[in-house]
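Student: Here is how the chains run, residue by residue.
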Amino acid sequence: MIISKRLAAGVCALLAALAVGFSPTGAAADETDPAQSPKVDLVLDVSGSMRTRDIDGQSRMAAAKQAFNEVLDAVPSDVQLGIRTLGADYPGNDRKTGCKDTAQLYPVGPLDRTEAKTAVATLAPTGWTPIGPALLKAADDLKGGDATRRIVLITDGEDTCAPLDPCEVARSIAAQGTHLVVDTLGLVPDAKIRKQLTCIAEATGGTYSSVQHTDELAGRVTQLVDRAADPVAVPVATEGAAQCTGAPQLKAGLYTDRERFSEHRWYRVDVLPGQELRASVSVGADRAVNQDYGVLLRAVTASGREIVRGEQSGNGRTDVISSGLRYPKAPQDDDDTEPAPETVCLQVSNSFSAPASVKTTPGLPVELTVDLVKAPDAASDVAAFGLGRGWWLLGALVLTGFLAGVLWGWIARWRVAVWRTN
Amino acid sequence: MCTTRVMAAAALAAAALLTTAGPAAADSPSPSPSVSGSSSAPTQAGTSFRTAAVLQQDQPGTADASTGDYLYWVFPADAGQTPTVRATVTLPEAATRHGAATWQVDVYDGLRRRQACTHGSQTRTAAADAASVELKCTLRPVRAWSEPWANDPLPGSYYVRLTVTGLPDEDLGLPVHAEAEATAADAGGAHAVDGTLAAPLVPGTATAATAAAPSDDGWSSGWWTDRWLWTVGGGVLASLAAIGGYALTRGTGRRPVRA
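For the protein sequence lines, the chains are Z and R, in the order given.
Residue numbering for the first sequence follows UniProt numbering, beginning at 1 and increasing consecutively.
Residue numbering for the second sequence follows UniProt numbering, beginning at 1 and increasing consecutively.
Certain hints may be false.
What the hints assert, rightly or not - Label pairs and their in silico Cβ distance ranges: (1) R:Ala116 to Z:Ala162: 45 to 51 Å; (2) R:Ala185 to Z:Ala412: 29 to 35 Å; (3) R:Gly166 to Z:Pro331: 46 to 52 Å; (4) R:Ala116 to Z:Ala330: 53 to 59 Å.
What the hints assert, rightly or not - Pairs of lysine to aspartate or glutamate residues, derived as EDC-like cross-links and limited to a Cα-Cα distance of at most 16 Å, are as follows: (5) Z:Lys65 to Z:Glu115; (6) Z:Lys195 to R:Glu170; (7) Z:Lys192 to R:Glu170; (8) Z:Lys374 to Z:Glu276; (9) Z:Lys251 to Z:Glu168; (10) Z:Lys192 to R:Asp169; (11) Z:Lys359 to Z:Asp94; (12) Z:Lys137 to Z:Asp165; (13) Z:Lys195 to Z:Asp226; (14) R:Lys136 to R:Glu93; (15) Z:Lys195 to R:Glu147; (16) Z:Lys374 to Z:Asp336; (17) Z:Lys329 to Z:Glu311; (18) Z:Lys329 to R:Glu147; (19) Z:Lys65 to Z:Asp78.
To be verified - Footprint (simulated), chain R over chain Z, 3 or more residues, beta carbon under 8 Å: (20) 215-222; (21) 225-232.
Just so you know, these hints were derived from the structure itself, not from any lab.
Note that the Cβ used here is the ideal one computed from N, Cα and C, for glycine as well.
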């Protein structure tokens with residue numbers, strides 16, 4: 001009885017694991033649909049300063065062109081790639097005009113390598129460095145479809161078009177729920193540029209690289225384009241409520257939300273008897289935050305009793321802080337009645353804080369995964385299947401066997417003796 | 001009599017072999033259908049939990065990255081194993097760096113709960129002139145089951161996050177090369193608990209693109225335990241001992257009959 005039950009549980013677990021492993025991977029691997037193919041926009045700085053000859057003895061512009069040729073050759077076939085320039089057209093001194101100077105050099109779409117290369121070859125270092133407007137336009141370029149989007153920004157100067165802070169622009173683009181990542185590459189190891197570019201990258205969950213050689217530039221951009229092509233589950237945007245009543249009803253899946261400092265967000269999940277709820281949450285630090293922080297995920301019944309919680313705190317440099325919980329609900333005893341789902345409220349809260357100079361809106365990015373696994377969860381007898389192990393067990397069995405053998409032998413001898421005397 | 005002795009010895013030897021070889025055999029790297037097309041070791045790392053690169057145990061994953069990136073890998077660990085994660089970071093040339101850098105490796109379970117390291121240097125500071133830094137983290141033994149309120153390691157996926165936690169600002173963005181490997185030692189029966197999880201603690205349907213599963217025969221915690229070998233071996237030995245004991249009592253009793 002125990003064995004069959006446990007075998008069944010094992011088979012169930014295996015099947016569940018396989019089902020979990022197979023089905024969505026198949027869906028994600030389906031990349032023929034144009035709406036699903038990842039989009040990348042390369043944003044290249046063509047400002048006057050790109051004339052400076054400090055990368056492997058050639059000008060920054062020449063290095064960028066050479067790198068672009070290599071990158072364009074290596075773009076995976078399913079990636080839709082576009083190229084946008086900033087500061088390519090207006091050579092004058094009028095700041096207002098110069099700060100609008102961004103143009104689409106090659107539209108986002110299926111890539112024609114020769115055409116794209118020809119377009120890049122025409123570029124000559126010219127104007128200003130309007131990073132903020134270029135990011136906004138690049139985000140527009142990538143609109144449509146629900147695949148991953150990536151902007152790769154290559155620049156050698158800081159944005160001089162205040163008051164539009166490119167870092168704020170990046171954060172607001174990311175907060176629009178378009179799931180867009182900005183990776184930045186700086187061609188000059190300068191403190192101001194680094195600060196601005198790391199801020200842009202941090203705000204969108206991207207990366208910052210400092211590039212000093214042509215091959216580094218080509219290698220890094222190729223790596224970033226390839227990364228866009230990797231199949232990845234795209235989260236669904238949701239908005240948690242301030243309390244459990246009226247909170248959004250979630251099914252198994254991956255969700256994103258935004259949560260301000262010390263805000264509480266509630267979600268609801270229906271759990272059937274015999275199901276196990278598994279939820280994990282990551283809260284991202286997408287801006288400068290104070291050094292101590294934490295996250296708390298609570299599963300609470302509709303009446304307000306806490307079932308289980310996951311909590312984590314940390315300090316120092318981090319991208320996210322995450323925690324998780326699982327709640328196995330006991331199977332129903334009688335099979336006659338319809339199984340009634342229990343509403344479990346999930347509360348996500350964070351203890352991030354930031355210096356007063358840091359904007360608190362939009363909130364921090366929250367990633368929530370909800371999973372419902374069907375099967376029981378219970379501890380049974382400590383010995384698996386009632387089996388034993390170890391040298392003491394062997395000794396005991398051997399001793400018992402030996403004694404039984406001796407006893408049996410004596411009985412046999414005694415019986416023979418009795419038989420012979422009779 | 002001689003043959004039984006040989007058989008007993010063989011049975012014992014087989015039992016001993018199988019108990020040690022069992023977990024080792026499960027570790028051999030080979031392609032798995034649920035791993036997204038990565039039969040060879042990954043040469044890229046992910047940048048978030050969702051995009052973590054899938055590793056098998058004993059399969060080193062490499063990545064070229066920029067200083068300051070958060071690098072993620074994910075590997076499977078099953079009940080009865082004590083996983084150890086090793087990471088080596090080859091730092092940029094000392095001439096381009098401006099000071100010491102502190103690197104850290106963190107391990108999270110399939111529910112993104114941070115797991116404690118029982119030993120190994122999880123955080124290490126590389127001097128300004130060091131060429132590389134090595135990090136190591138050994139987890140607690142993975143149990144087959146635990147209370148939902150506990151944070152014990154359970155069978156499932158484990159995320160590895162490698163990043164720099166402290167460095168001079170000037171060094172952000174410099175190219176580095178990182179290598180990560182997960183191995184596991186057999187924890188043995190001392191940490192065995194019974195009960196099973198509903199399903200291994202892999203990230204669910206939502207993030208299946210990065211689900212890590214053992215390569216060949218799936219999650220073994222369903223029915224296999226080395227207790228089978230001990231118990232069956234014990235039974236065999238007991239019956240041999242019984243025959244021996246019986247023979248001992250008969251040995252002197254027969255001679256007068258034949259004489």
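Student: None of the hints should be skipped; say for each whether it holds.
Tutor: Structure-based check of all given hints:
With their beta carbons about 47 Å apart, R:Ala116 and Z:Ala162 fall inside the hinted range of 45 to 51 Å. For the pair R:Ala185 and Z:Ala412, the supplied restraint of 29 to 35 Å is violated, since their beta-carbon distance comes to about 50 Å. In this structure, R:Gly166 and Z:Pro331 meet the distance hint of 46 to 52 Å, their C-beta atoms being roughly 50 Å apart. Between R:Ala116 and Z:Ala330 the C-beta distance comes to about 30 Å, which lies outside the given range of 53 to 59 Å.
Taken as a hint, the Z:Lys65 and Z:Glu115 pair is honoured in the structure, with Cα atoms around 14 Å apart against an allowance of 16 Å. For the given pair, Z:Lys195 sits about 10 Å from R:Glu170 by alpha-carbon distance, which is consistent with the 16 Å threshold. Restraint check for Z:Lys192 and R:Glu170: satisfied, since their Cα atoms lie roughly 11 Å apart, inside the 16 Å limit. Taking the CA atoms of Z:Lys374 and Z:Glu276, the gap is about 6 Å. The hint holds against a cut of 16 Å.
For the suggested pair Z:Lys251 and Z:Glu168, the alpha carbons sit about 33 Å apart, so the restraint of at most 16 Å is broken. Of the supplied pair hints, the one linking Z:Lys192 and R:Asp169 holds, its CA atoms being roughly 11 Å apart against a limit of 16 Å. Only pairs whose Cα atoms come within 16 Å are accepted, and Z:Lys359 paired with Z:Asp94 is rejected, the gap being roughly 31 Å. At roughly 15 Å between alpha-carbon atoms, Z:Lys137 and Z:Asp165 fall within 16 Å of each other, so this suggested pair holds.
Of the supplied pair hints, the one linking Z:Lys195 and Z:Asp226 is violated, its CA atoms being roughly 26 Å apart against a limit of 16 Å. Simply put, R:Lys136 and R:Glu93 have alpha-carbon atoms about 23 Å apart, too far for the 16 Å limit, and the pair is violated. At roughly 45 Å between alpha-carbon atoms, Z:Lys195 and R:Glu147 are farther apart than 16 Å, so this suggested pair is violated. For the given pair, Z:Lys374 sits about 19 Å from Z:Asp336 by alpha-carbon distance, which is inconsistent with the 16 Å threshold.
Restraint check for Z:Lys329 and Z:Glu311: the C-alpha separation of about 21 Å exceeds 16 Å, so the hint is violated. Simply put, Z:Lys329 and R:Glu147 have alpha-carbon atoms about 12 Å apart, close enough for the 16 Å limit, and the pair holds. A threshold of 16 Å between alpha carbons decides the hint, and for Z:Lys65 with Z:Asp78 the separation of about 23 Å lies outside it, so the pair is violated. Judged by the Cβ-Cβ criterion of 8 Å, the stretch 215-222 of chain Z is covered by chain R as claimed, because 3 of its residues qualify and three suffice.
Here's how the stretch 225-232 of chain Z fares: 5 of its residues keep a CB closer than 8 Å to some CB of chain R, so the rule of at least three is met and the hint holds.
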